[in-house]
Each structure stands twice: as C-alpha cells, then as structure tokens.
Amino acid sequence: MLTIENLHAEVEGRTILNGIDLNVKPGEIHAIMGPNGSGKSTLSSVIAGNEDYDVTQGKILFKGKDLSGLDPEERAHLGIFLSFQYPVEIPGVTVTNFIKTAINANRKAQGLSDLGASELLKKIREKSTLLDIDSKFLSRSLNEGFSGGEKKRNEIFQMAMLEPTLAILDETDSGLDIDALKIVANGVNKFKAKENAVVVITHYQRLLEYIVPDFVHVLFGGKIVKSGTKELAHELEAKGYDWIKELA
Amino acid sequence: MEFKEKLISSYLAFEGDLDLLDSVHQTRAKALRVFEKKGFPTKKDESWKYTSLNALVNADYALFPRSEASIELKDVKKYFLYDTDTYKVIFIDGVYSPFLSNTTHDGLDVCLMSAALTKPKYRNLINTYFNKIASLEESLTALNTSYSKEGAFVYIPKKTVAEKPIEIIHFASGEEHSLWLQPRNLIVVDKNSQVQIIERHQSLKDHPVVTNSVTEVYVHEEAFVDYYKLQNDLTSASLIDNTYIQQAKNSHASVHTFSLGGKLVRNNLRYYHTGQRILSTLKGVTILEGKQHVDHSTMVHHSHPNCESHQDYKGIFSERSEGVFNGQILVEKIAQKTNAFQQNNNVLLDDKATVNSKPQLEIYADDVKCSHGCTIGQMDEEALFYLQSRGIPKKEAKALMTYAFANNVLESVQLPSLKKRINGQIASKLGVNLGFEL
Chain A
1 MLTIENLHAE VEGRTILNGI DLNVKPGEIH AIMGPNGSGK STLSSVIAGN
51 EDYDVTQGKI LFKGKDLSGL DPEERAHLGI FLSFQYPVEI PGVTVTNFIK
101 TAINANRKAQ GLSDLGASEL LKKIREKSTL LDIDSKFLSR SLNEGFSGGE
151 KKRNEIFQMA MLEPTLAILD ETDSGLDIDA LKIVANGVNK FKAKENAVVV
201 ITHYQRLLEY IVPDFVHVLF GGKIVKSGTK ELAHELEAKG YDWIKELA
Chain Z
1 MEFKEKLISS YLAFEGDLDL LDSVHQTRAK ALRVFEKKGF PTKKDESWKY
51 TSLNALVNAD YALFPRSEAS IELKDVKKYF LYDTDTYKVI FIDGVYSPFL
101 SNTTHDGLDV CLMSAALTKP KYRNLINTYF NKIASLEESL TALNTSYSKE
151 GAFVYIPKKT VAEKPIEIIH FASGEEHSLW LQPRNLIVVD KNSQVQIIER
201 HQSLKDHPVV TNSVTEVYVH EEAFVDYYKL QNDLTSASLI DNTYIQQAKN
251 SHASVHTFSL GGKLVRNNLR YYHTGQRILS TLKGVTILEG KQHVDHSTMV
301 HHSHPNCESH QDYKGIFSER SEGVFNGQIL VEKIAQKTNA FQQNNNVLLD
351 DKATVNSKPQ LEIYADDVKC SHGCTIGQMD EEALFYLQSR GIPKKEAKAL
401 MTYAFANNVL ESVQLPSLKK RINGQIASKL GVNLGFEL
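Chains as they are written, first to last, in our numbering: chain A, 1 to 248; chain Z, 1 to 438.
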C-alpha cells in the first residue's frame with residue numbers, strides 16, 4: 001500500500017530525511033519510534049504533502065501511485081490521513097461544518113454527491129459516541145480552546161469520519177492522560193481493518209500497549225536504523241535510545 | 001472649471017427654491033464658507049494620509065439630476081431585505097421615490113429630511129438636532145451641510161420599539177453620465193426606544209458616482225440603535241460616509257459596516273457620549289479586490305466615566321486592493337473606569353494588496369482598561385495544510401479560512417435575514433460555495 005524508497009527530504013536547505021525505506025501493507029500497523037529530532041514528524045509531513053519540505057531523492061508510492069507533485073488534498077483523496085501532533089486551531093469553523101466540508105470534498109473527488117444531512121448526522125453520532133465526544137463539542141470552533149486531549153480525540157474522530165486507507169498518527173499520545181489514551185486507542189483499533197493500515201509515530205512505548213504494532217522501526221538521523229516486532233518497542237523502553245545512536 | 005468651483009458657483013441654483021431666511025439655511029450658508037475656505041482634504045491632512053480624493057474631485061459631476069429617473073421594482077428588489085417586512089426610505093439620484101418607499105407617521109416618523117426641514121411640526125426637532133454633532137470644521141461634512149436638503153428622517157418617540165427595520169437606500173440610476181450625491185440623514189431615538197437601520201448606496205449602471213453622505217444619530221437614555229451599513233457598490237461608485245453618533249446614559253449604539261465593494265470608500269464614524277454606562281459598538285468586515293480602496297476612520301470620545309466601547313474591524317484584501325484603518329480612542333481625564341477595546345485584523349491574500357492600520361489612543365484618565373490590537377498577516381500556511389490534508393482543496397480551504405476569519409463580526413448581526421444575506425455575499429465574494437452557513 002505504502003512504499004517509501006530511499007527518501008531524502010530537506011527543509012530550508014537542511015537535510016532531515018536521509019534515505020528512508022519503508023513498506024506498509026494493508027492490514028498492518030507500523031510504529032515508528034525514535035528520539036526527538038530524528039525526523040519522525042518530517043516523515044509524516046512529507047507523506048501528507050506538506051510543501052515546506054522538499055523531497056530531494058527517492059519516492060513515495062501509495063497504492064502504486066507516485067505521490068510526487070500531488071497536493072495534500074489529492075493525497076487525502078487517495079486515502080491518506082495525517083493525525084497532527086499539533087492540530088491547528090480554526091476559529092469560526094465548527095467541528096461539524098469542518099467535517100462536513102472535508103467529507104464532501106473527498107466525495108466530490110471520488111465523483112460522489114454530497115452526503116445527506118441525516119446520514120452525516122448518523123455517522124457523526126456513531127463515531128463521536130465511540131470516542132466519547134460530547135455533542136456540544138461538535139458545535140465548537142475547530143480546536144479552538146480545546147485541551148490537548150480534546151484535540152487528539154478530535155483528530156481520531158476526523159479519521160473515523162473520513163475512513164482513510166492509511167492513517168498516520170503523529171505523536172497522538174502526547175498530552176493524553178491514561179483514560180484519554182485508552183479512548184483514542186480504542187478508536188484506532190475499531191477503525192483498523194484488513195483493507196487499511198496505520199502508522200503510529202511515537203516517542204514512547206506507552207501507546208503501543210493499546211495499539212499493538214506488527215512492526216516497529218527506529219528512526220535516527222533521518223534513517224531507519226533498526227526494524228523489528230513489538231518486542232523492539234519494549235527494548236527501547238527499557239534501554240532508552242542511546243544504544244540506537246551507536247547503530248547509526 | 002474645477003469641481004470645487006462648480007460646487008460653489010452652483011450654490012445659487014441650489015438656493016433658488018429655499019427659504020433663505022430660515023435658520024437651517026443660515027447653517028448651510030455658513031457651512032459653504034467652511035468648505036470654500038478648506039476645500040477637499042488632501043493627503044497632507046493627517047487623517048487623509050492614506051486616502052487620496054484627487055482622482056475623484058478632479059472630475060466633473062452633475063449636482064442636480066436633470067430628470068427623475070424611473071426604476072422598476074423588479075430591477076432593484078434584490079437590494080432590499082425582501083424576505084423581511086421593513087420601512088423603506090428610497091431615493092433615486094437623490095430624489096425621493098414614493099413608489100419604492102414605505103414610510104410611516106404611525107407612532108414613529110420614518111420619512112423625508114426635506115419634510116422635516118420645512119414642516120412646522122418638525123421645527124423643534126430640527127432646531128434641537130440638525131447639525132448639532134456633525135463637524136462644523138470638517139470640509140466634506142461642511143460641504144454636505146451646505147447642500148443638505150434631502151435624505152431620511154427618523155424619529156422614534158419615547159418607549160417605542162420600531163417593530164420593523166428601516167431601510168435607507170440611495171440608488172444611482174446611471175441616467176446622468178456622472179453624479180455627485182449628498183444625502184443628509186437625521187435619526188433621533190428617544191428614551192427607552194429601539195430601532196434597527198440598514199443603509200446602502202447602490203449604483204445601477206457603472207457610471208461614476210460619488211456620494212458624500214452625512215448622518216447624525218441621537219441615542220437617548222436607555223435607547224438602542226442597531227445600524228448596518230452595506231457597502232457593496234459597483235466599482236464605478238465611491239462613497240464618503242460621515243456618521244456622527246451622540247449617546248446619552250445607559251444607551252447602546254452599534255454600527256456594523258460591511259465594505260464589500262465600491263471604488264473608494266471612506267467611513268468617518270464618530271461617537272460622542274453625554275452620560276455614564278454607555279456602550280458603543282463599532283464593527284466592520286472589509287473584503288476587497290481589484291483596485292478597491294476602503295478607509296475606516298473611527299473615533300470614540302470617552303468623556304464620561306463607566307462607559308464601554310468595542311471596535312472590531314476585519315479586513316481581507318486581494319489583488320491590488322488597499323485598506324486603511326485609523327481608530328482613535330480619546331479618554332478624557334474625567335472618564336474613569338472606561339473600558340475601551342479596539343481590534344483590527346487584516347489578511348493580505350496577494351503581494352500587491354496593502355493595509356495601513358493606525359490605532360490612535362489618547363488616554364488622560366488613569367483608572368481605565370484600554371486595549372488595542374492590530375494584525376496584518378498572510379494566510380496561515382500551517383492551517384491551510386491542515387485543511388488540505390483533510391481533502392479540502394486549497395481554494396476552498398482559503399475561502400473557508402477567510403470566511404471564518406470574518407465570522408465573529410457577523411455573529412453580532414441581530415437581523416437573521418440580513419446575516420444570511422451577508423453570509424451569502426461574503427461567500428460569493430470569495431468565489432466559493434461553502435455548502436453551509438457559519
């Protein structure tokens with residue numbers, strides 16, 4: 001589904017990604033771990049098409065299609081979703097209106113007509129219940145004045161509504177207490193199916209207790225220096241990242 | 001002949017059918033002398049630094065339309081708040097249109113300035129209110145005063161809630177090649193009364209029109225005036241709006257200015273207080289493109305304790321459009337416990353668009369809360385990326401953000417049908433169907 005080959009990327013002339021190779025198949029959960037500054041968030045931004053980053057070498061294929069030159073919205077239309085580490089506040093647009101706009105934009109790209117109001121409401125009700133989201137929350141301005149936990153739950157709510165084929169969760173666990181973490185993880189696990197895939201980007205192993213990965217990759221210096229199964233995450237938790245740096 | 005000379009030399013023709021001995025006319029004649037002395041403001045005047053009238057006043061305009069143009073209702077209906085029942089005072093090329101209007105004398109007066117200025121029953125009101133707060137020194141106001149004859153006159157007696165909003169609309173028919181209009185409105189809202197007013201100036205053909213309008217609004221104790229100015233004219237039309245508001249204790253006066261069109265628009269909005277616990281609200285949304293130019297010049301004069309003023313102006317500028325915001329807050333020494341708030345936020349969508357924003361706070365009291373903030377920025381790229389990553393195309397994402405940016409100003413619009421209308425206008429101005437109302 002997602003194939004990354006020898007990906008190099010830079011921002012303002014500074015190289016951040018230094019030859020990434022990654023292969024994600026449908027039905028899989030991958031975790032990408034690594035110390036701060038190793039390039040984790042850059043990788044997710046580059047996959048989602050953030051124009052601040054320049055891909056200087058290598059390529060990203062999604063469902064066999066080369067993503068280079070595609071706008072972020074085109075990538076979203078193909079089924080890529082990025083849960084932001086720092087979701088942006090948009091005063092004046094309610095969560096509901098935002099979701100409606102996003103869903104219909106995606107439907108339009110697929111040649112479908114707008115989702116009917118009752119269908120939309122039904123879906124919103126279902127997914128918001130799953131994530132324990134209060135209906136009042138849905139009429140608030142997007143992310144404005146939301147707590148860290150509310151922002152993250154809102155990201156997962158959007159994911160559940162948009163039903164992407166690839167969800168990249170960038171530090172979704174940061175700012176969450178244990179109860180919120182469980183709710184978010186539950187949302188991700190309910191979303192998970194054999195046709196889709198999840199890439200979890202995290203600094204800590206904590207989230208991986210609840211979203212159990214099939215593969216764990218360790219990113220350092222813009223490269224994947226070690227890959228393994230979920231046991232690797234336990235090892236990192238126990239030993240820290242210092243030994244990884246020696247591998248690089 | 002320069003246009004200024006024409007204004008002065010045409011005065012005899014204007015005076016022809018007026019009572020020259022009337023006190024109102026003494027005021028007019030005095031005002032003409034002020035204009036004659038001062039002429040049109042130039043960029044050398046501090047308050048006109050960023051707005052030049054040169055191009056406008058170096059042209060020629062008809063002052064008195066030759067014939068009474070006729071307009072069919074179907075041609076102008078879209079400019080009315082058609083889904084709401086309203087009083088209407090409608091003018092075509094400065095001439096009252098009884099056919100399009102819906103005036104009243106039933107419990108309140110919604111009628112013509114020409115009637116108020118000449119009929120004995122209004123004499124007391126005119127003596128008390130006419131040209132009492134309009135500036136005697138400001139040349140454009142003086143010019144309007146010198147030619148003041150027609151416009152809307154509204155009198156809401158004590159303890160009266162006008163059950164219908166009042167629409168004051170000045171149409172320019174385009175019958176004249178170019179036209180200079182000078183409407184004069186007087187609005188008096190007595191104690192414990194309320195009224196909603198919608199004012200617009202609209203050209204029907206793209207011929208040059210300049211409107212130099214003066215409105216005086218008197219808001220008595222406990223009264224509430226909710227005033228909306230819709231500026232969405234053709235790019236051949238310019239407007240200089242001079243609005244003066246005087247508020248008595250415990251009153252609230254709110255003016256929303258929606259500047260979405262026109263060639264050059266200057267809004268001079270002045271608030272004066274005569275008592276305590278007054279609330280003054282000034283809000284504006286400006287969305288421009290092409291070479292449009294809008295200049296908001298506001299002033300709130302806090303001269304009594306315990307009053308509040310809120311100014312919130314948002315601007316969105318694309319192409320080569322220009323915005324100016326000059327917001328003055330004057331707090332006199334006696335005006336303790338004043339709470340004055342001013343905000344001016346602007347978004348520039350293109351490199352060639354410009355904004356000049358100048359807060360001007362003069363505070364002589366020591367126990368006050370005054371805040372002002374001004375931002376001029378480009379579209380937040382991070383926020384755009386966020387929206388795009390959800391599948392919303394860049395163009396729609398931009399529109400959604402600009403729309404949202406203007407939204408909190410719309411929130412305080414109290415007329416639902418008007419709010420809906422402006423929502424629609426803003427959406428269409430941004431070139432996108434958003435598929436929902438904010």
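To be clear, the hints were calculated from the coordinates, so they are not data collected in a lab. There could be a bad hint or two in this list.
Unchecked claim - Keeping only pairs whose Cα atoms sit at most 35 Å apart, straight-line, the calculated DSBU-like set for lysine-lysine is: (1) A:Lys223 x Z:Lys6; (2) Z:Lys291 x Z:Lys43; (3) A:Lys136 x Z:Lys420.
Note that this is a predicted model, so its numbers are computed, not measured.
These are the hints, each one checked on the structure:
1. Distance hint between Lys223 (chain A) and Lys6 (chain Z) is unfulfilled; the C-alpha atoms sit about 78 Å from each other, more than 35 Å.
2. Our distance criterion of 35 Å between C-alpha atoms is met by Lys291 (chain Z) and Lys43 (chain Z), whose separation comes to about 18 Å.
3. At most 35 Å may separate the alpha-carbon atoms for a hinted pair to count; Lys136 (chain A) and Lys420 (chain Z) meet this at roughly 23 Å.
The structure fails hint 1 only (numbered hints given earlier).
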